[in-house]
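Using the sequences provided together with the hints, build the complete structure.
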Amino acid sequence: MPSRRHLVRLSAGLLALGALGPSLAATPLRIGVAPHSSARVILEMYQPLRLHLEQALQRPVEIVTAPDFTEYARRAMAQQYDIAITTGHQARLLQTDARYLPLLTYKADFKAVAVVAADSHYREAKDLAGSAVVGLSRSSLVTLWGEHWAFRNAIPHLTMRYVSASDSTGQLVIKGECAAAYMSLANYQNLPAAVREQTRILAESLPMTGRTYLLNARHAGQEAAISDALWRFAQTPEAKAYFARYKLGGYRALEPRELVAMEPYANEVRNELKAR
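As numbered in mature numbering (1 follows the signal peptide of the UniProt record, and there is no 0), residues -25 to -1, 1 to 251 make up the sequence shown, in order.
Just so you know, these hints were derived from the structure itself, not from any lab.
Every value quoted in this text rests on a predicted model; they were computed, and no experiment measured them.
Careful: at least some of the hints might be erroneous.
Unchecked claim - Computed list of lysine-lysine pairs in BS3-like fashion (alpha-carbon distance at most 30 Å, straight line): (1) Lys150 x Lys215; (2) Lys150 x Lys249; (3) Lys86 x Lys101; (4) Lys215 x Lys86; (5) Lys222 x Lys86; (6) Lys150 x Lys82.
Structure follows, in structure tokens:
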């Protein structure tokens, strides 16, 4: 639920929204969602939120994404999004390096998993030696976790390949085009049953900060009103259906300094952006 401080600030935020004027009110509020799934799936997932915010804020809202996590981070750092929705490591980067304001996250634990074919001989990390593994782009949290996991387990001669959407990684595993795939536990749970039945989890991460909503600092004057609209969305039947379908549990406030724990992963994204 919103904090008392948040509720006190809400009136000022609503006044600020009322003072936007016709030209800004007609400018679409751009919500940039990290490419954790295909563009088609993302647009479908966030359609109820888009419609709710359009009504609550009385302005157009559009949902956009990017080809991969690295390009998403680059666009977010370039201030292309009014609201960013991305996993905790990029949320930390946007907070520290681009002045985005963290708003909230989901209640459900965010975990990364390494998935293999159910009938494969891969029973422990070392069995992957000399094989190919797929993940999302180098800046994806699940891919970064997977690379750290492989390093900690000293898996030799591992070939890393990158794909554009997690929807396809399960298929690559069962077709034998890779030995394992890194993905979020939520995405794994949302794979078609026929795909899940032919796969199994080889390794699972500890909980990390998952998808986090952040507000571009240029909208700081509307932070309370936008936050209130998000919390009100969480109470709607459409939001509850969305939370249940994707096993998200609802919204929650971020813990103090929660994003600080993501700094090591944030720094890897920072370095990746500098390298390109």
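Hints that the structure is at odds with (numbers, increasing) | 1, 2, 6
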